[in-house]
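Can you make the complete structure from the sequences, with help from the hints?
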Amino acid sequence: MGRKVKALENYTSEQIKVIIDGDAKHKLGIRIYAVYQSSMGMSSRALVELYNVSFKQIRNWINRFDAEGTHGLLDKARSGRPRKLTENQLYELQSVLLDSPEQHGYNTANWSAALVKDFISKHYEVEYMLPTFIG
Numbered sequence: 008m009g010r011k012v013k014a015l016e017n018y019t020s021e022q023i024k025v026i027i028d029g030d031a032k033h034k035l036g037i038r039i040y041a042v043y044q045s046s047m048g049m050s051s052r053a054l055v056e057l058y059n060v061s062f063k064q065i066r067n068w069i070n071r072f073d074a075e076g077t078h079g080l081l082d083k084a085r086s087g088r089p090r091k092l093t094e095n096q097l098y099e100l101q102s103v104l105l106d107s108p109e110q111h112g113y114n115t116a117n118w119s120a121a122l123v124k125d126f127i128s129k130h131y132e133v134e135y136m137l138p139t140f141i142g
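Counting in our numbering, the sequence shown runs from 8 upward without gaps.
Because the hints were derived from the structure by calculation, they are not lab data.
Hints are not guaranteed to be accurate.
Heads up, simulated DMTMM-like pairs for lysine to aspartate or glutamate below, C-alpha to C-alpha not over 25 Å straight-line [stated by the list, open to error]: (1) 32 <-> 73; (2) 124 <-> 134; (3) 91 <-> 106; (4) 34 <-> 82.
The calculated label-pair distances, taken between Cβ atoms and stated as ranges, are [what the hints assert, rightly or not]: (5) 136 <-> 113: 14 to 22 Å; (6) 98 <-> 56: 44 to 52 Å; (7) 106 <-> 12: 44 to 52 Å; (8) 25 <-> 116: 29 to 37 Å; (9) 110 <-> 136: 22 to 30 Å; (10) 78 <-> 114: 48 to 56 Å; (11) 116 <-> 88: 31 to 39 Å.
Even glycine gets a Cβ: it sits at the ideal position worked out from N, Cα and C.
In structure tokens form, the structure reads like this:
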């Protein structure tokens, strides 16, 4: 049995994951190292456990690297749902939210999701649904 590694005091594993996910260079390094380990004979099962991703994801990284090199390991652009507000409306809304709701005719000092939804509906004629939680 090996010696224990010093435990981190200033970061949690979740905080480290946020750092990795927020930087494309970190993601690329991790993915290329997984491909390297696979090329050196490490089993896919071991890679799945080590990188905490699915077997399919490991195979995708290997196949994309094989076809496109390191460029294939970068995240692809995702289309997502089109925005309902224009860039100008979003910029204006950002400015409005820095004000107090009272400055815009509401009888409260703090913005809530419901107030923002109402403001958007009245000023931009755009409707959003608020999430409902069952609990």
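Okay, the hints, checked on the actual structure:
no. : hint                    : in the structure
1   : 32 <-> 73               : holds, 19 Å
2   : 124 <-> 134             : holds, 7 Å
3   : 91 <-> 106              : holds, 22 Å
4   : 34 <-> 82               : holds, 9 Å
5   : 136 <-> 113: 14 to 22 Å : holds, 20 Å
6   : 98 <-> 56: 44 to 52 Å   : holds, 46 Å
7   : 106 <-> 12: 44 to 52 Å  : holds, 50 Å
8   : 25 <-> 116: 29 to 37 Å  : holds, 32 Å
9   : 110 <-> 136: 22 to 30 Å : holds, 26 Å
10  : 78 <-> 114: 48 to 56 Å  : holds, 55 Å
11  : 116 <-> 88: 31 to 39 Å  : holds, 32 Å
Going through the hint list in order, the structure satisfies each hint without exception.
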